[in-house]
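Asks: Below, each chain spelled out in residue letters.
There are 2 protein chains.
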Amino acid sequence: MAVRTVGHNQATMNGLREKVLTLDTMNACVKRVEYAVRGPIVLRALELEQELSQGVKKPFTEVIRANIGDAHAMGQKPITFLRQVLALCVHPDLQNSPDFPEDAKRKARSILQACGGHSLGAYSNSSGIQPIREHVAQYIQRRDGGIPADPNNIFLSTGASDAIVTVLKLLVAGEGRCRTGVLIPIPQYPLYSAALAELDAVQVDYYLDEDRAWALDVAELRRALCQARGHCLPRVLCIINPGNPTGQVQTRECIEAVIRFAFEERLFLMADEVYQDNVYAEGSQFHSFKKVLMEMGPPYSTQQELASFHSISKGYMGECGLRGGYMEVVNMDPAVQQQMQKLVSVRLCPPLPGQVALDVVVSPPEPSDPSFAQFQAEKQEVLAQLAAKAKLTEQVFNEAPGIRCNPVQGAMYSFPRIQLPPRAVRRAKELGQAPDMFFCLRLLEETGICVVPGCGFGQREGTYHFRMTILPAAEKLRPLLEKLSQFHAKFTREYS
Amino acid sequence: MAVRTVGHNQATMNGLREKVLTLDTMNACVKRVEYAVRGPIVLRALELEQELSQGVKKPFTEVIRANIGDAHAMGQKPITFLRQVLALCVHPDLQNSPDFPEDAKRKARSILQACGGHSLGAYSNSSGIQPIREHVAQYIQRRDGGIPADPNNIFLSTGASDAIVTVLKLLVAGEGRCRTGVLIPIPQYPLYSAALAELDAVQVDYYLDEDRAWALDVAELRRALCQARGHCLPRVLCIINPGNPTGQVQTRECIEAVIRFAFEERLFLMADEVYQDNVYAEGSQFHSFKKVLMEMGPPYSTQQELASFHSISKGYMGECGLRGGYMEVVNMDPAVQQQMQKLVSVRLCPPLPGQVALDVVVSPPEPSDPSFAQFQAEKQEVLAQLAAKAKLTEQVFNEAPGIRCNPVQGAMYSFPRIQLPPRAVRRAKELGQAPDMFFCLRLLEETGICVVPGCGFGQREGTYHFRMTILPAAEKLRPLLEKLSQFHAKFTREYS
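Order-wise, the sequence lines are chains E and Z. Heads up, the numbering used here is the position in the first sequence plus 19, with the first residue counted as 1. Heads up, the numbering used here is the position in the second sequence plus 19, with the first residue counted as 1.
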């Protein structure tokens, strides 16, 4: 008897029918989607963790997941006040507990007051709980030095990814040479490439300038746009500031130039500003696109279309698992805004616990509140630690030959460039792997350190990088960085 | 000077440019999306609530939102144990509180043990927390009389809607006459029509038989399929059981016949079973498609592809706001399943609070646990109330001339047929409204009762219906049903 193999043709030969849904018959756009942050390297990390837990011997005792901006998973503690408010909302009997401060109780009461049946178990409006939208608007107004924000232009979301995909969905249209083109930075956060593949839009790459600390250059935007105009209709410009994976913080001048460019070229602006609280470098400061746009005055302030995105997953709170965020739209056609309202209503509403957490972030305790001091202390502690780790990362990597790391001005990642010996590059190609994927897989197998290769974010041809979070605990980070640098040296020797 | 008007052409004439994103340039598929459950009638209800709160006089004192299955908003209390576990997960300091039972504490500890950094703030695996997937599999196995379920085939989700759209997304392919056709019941839950419009798939309607209590008839499936084959490639059959909005519970024989049909016609089966705990009528019983499929044996059990969906928003818990659910896939091509895994990873993970709530639903307290008695009492109380309200609804409506209501065997809605006088139909057409939309809007304006017209779900040409939830509190429901019946009588007189 023939040995039984699992396989397409074999199955058919054995008398089983083809399945209705196969790789051949499925949605081809979905097949093209790639998402490196949770890709093959992370699946391998999972397997290694399982092997370790089963007692299999490895050259390391734990897998360090430095692949994803997941602060709590790396040991960061939740902000106490945020969790107190959320617990009070989930289980209102706690209003009688002496262990919760008065301001947390008050906030929970006011949130539940705005919920159907005074319960987090009711659906909210599809754009979010109304008073929370108002708090978001007030937060933006404070952040932007008094420039007003309209609660009707705020849409709460299931993390920023959800809102970004919603806006892209509205913008995607046309066929052939009239398909919507979307300019995205390279390196990029791969949500963008994944969403564009799924929506069958045209990805238009503009390169950030590694030699100038990943600065965005309008001349490069213009090059990318001109080249794209031959084969699609570029209508959208995506910006990530502070940068992911690249960590740069854009100057005010740069933002002005980008807005002017978008206006002249008739591009809808999407500003991914989820790391707005994560700015560490001296001299760097976060400027929101909304603020700069408004300060530039007409015609920019009155006509340039903008959607900007924020999240509770990053910043100092790191509440990834709750899935919360918001977007603000500016100068959007009211009829389109109604269409967006309709579209989000099909998914009913963003999760209420995430909305609650967002409310705490945008309307935290005031100086006169009992929780103010602790809230501020916890927040500053997290941000100070991140700033120190950003600096340490840059420093340790730049001491290593063959690794060059731009300053981590903001966000949560370093994206160092690595030299790989030609023999390693050839070996990778033999294995059908990108050279930095090959490097990262070897790194994982030998050290347990899980980082994402540059090929998952995009990079200039012939350059190699990896993205590593700065989130591991301070006492772990230095040895980790050194171990990684040493592995790179060993890898280089091995393939020289 | 000309009076300033807001308008497209006017704007252009005033020297303002066209926006980049307009109704003309936006995604045409999104424009075609409709979602009646949160449509115009609900927006009007919102306005009326605002007017009431501002002291505007109306013929009613409150708006009754009987448009959506939102149990907590209608006053249903959360299940105590579920909220205790969730509060303990959100705020682990509560482990020291004497106010929480030992089994809730134990469950919370075991959930947090499986979370990154032991925090709900960490991302989970994209398919959900592993032990929760295992509990779901055990739950299915118990529910289905011991037929095994594989945790690797379970994907947790952000409510059922999210999972349904994910599977449809995989299935949609082709162009022109080869576009994927998806058979859906009429009347249907409008998530389906909305998702198909957005994905640009072909909606293929099969009609449920109102005269036989909304039974599903295979001859009608065959008719719909044959007719569709002329202009698309039908590859998917969606079933909603218990029915939404129609409330029927399918017999085992019917399910077998549907499975046989799907197998013969090579259709991927999608079974929306979110109301599986909501079965009220004597003689009615829930049979899962998975169980029937497996009991039918080969080739069905080994080859028929199926995805089935469940949610924490319905049942006895009604935790809509937490956004949780799962799907189980059966006989799916492993390569496609990998593609699905990849696709869901782009959105990172379902919200962790919803995962926690799901865990409580699928692995509730056992008879030996301290919370068992209260959990069961609360659950049975909700279900008994719903059963009584289902019966009451049918009874009151059927006493009214011109209203005919099938038994509400399951789910959470009645979908009565209403006679509308020809003059009302003509008047509606003059206003550009569907006749039952006209009726429902008038009902809302005069009584404050918000229900969804049948046109939002689909119905046979020339018939009119509305969907009303059975969720209002018992003491409110009878007067509400009577008020609605009286309004229908008055409306009929007015237009006769």
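Take the hints with a grain of salt, since some may be wrong.
Intra- or inter-copy, both count: the list cannot distinguish identical chains.
[Unchecked claim] Pairs of lysine to aspartate or glutamate residues, derived as EDC-like cross-links and limited to a Cα-Cα distance of at most 16 Å, are as follows:
1. K188 - D219
2. K361 - D118
3. K398 - E464
4. K310 - D163
5. K361 - E68
6. K361 - E121
7. K188 - D224
8. K502 - D43
These are calculated hints, taken from the structure and not from any lab test. No experiment lies behind these values; they were computed from the predicted model shown.
Asks: If a hint holds in the structure, say so; if it does not, say that too.
Replies: Tested hints:
Proximity of K188 to D219 under the C-alpha cut-off of 16 Å is found in both arrangements, the shortest distances being 10 Å within a copy and 13 Å between copies. In this assembly of identical chains, K361 and D118 lie within 16 Å of each other by CA distance neither inside one copy nor across copies; the values are 42 Å within and 43 Å between. In the homo-oligomer, the alpha carbons of K398 and E464 never lie at most 16 Å apart, since the shortest distance is 36 Å inside one protomer and 49 Å across protomers. Taking identical chains as interchangeable, the C-alpha atoms of K310 and D163 lie at most 16 Å apart only when both belong to the same chain, with a minimum of 5 Å there against 58 Å between chains.
With identical chains, the CA atoms of K361 and E68 are never at most 16 Å apart, being 43 Å at best within one copy and 20 Å at best between copies. For the homomeric pair K361 and E121, neither the shortest alpha-carbon distance inside one copy (38 Å) nor that between copies (45 Å) is at most 16 Å. Within a single copy, K188 and D224 get their C-alpha atoms no closer than 19 Å, and across copies no closer than 26 Å, so neither meets the 16 Å cut-off. With identical chains, the CA atoms of K502 and D43 are never at most 16 Å apart, being 44 Å at best within one copy and 56 Å at best between copies.
Going down the numbered hints, you'll see the structure goes against 2, 3, 5, 6, 7 and 8, while the others check out.
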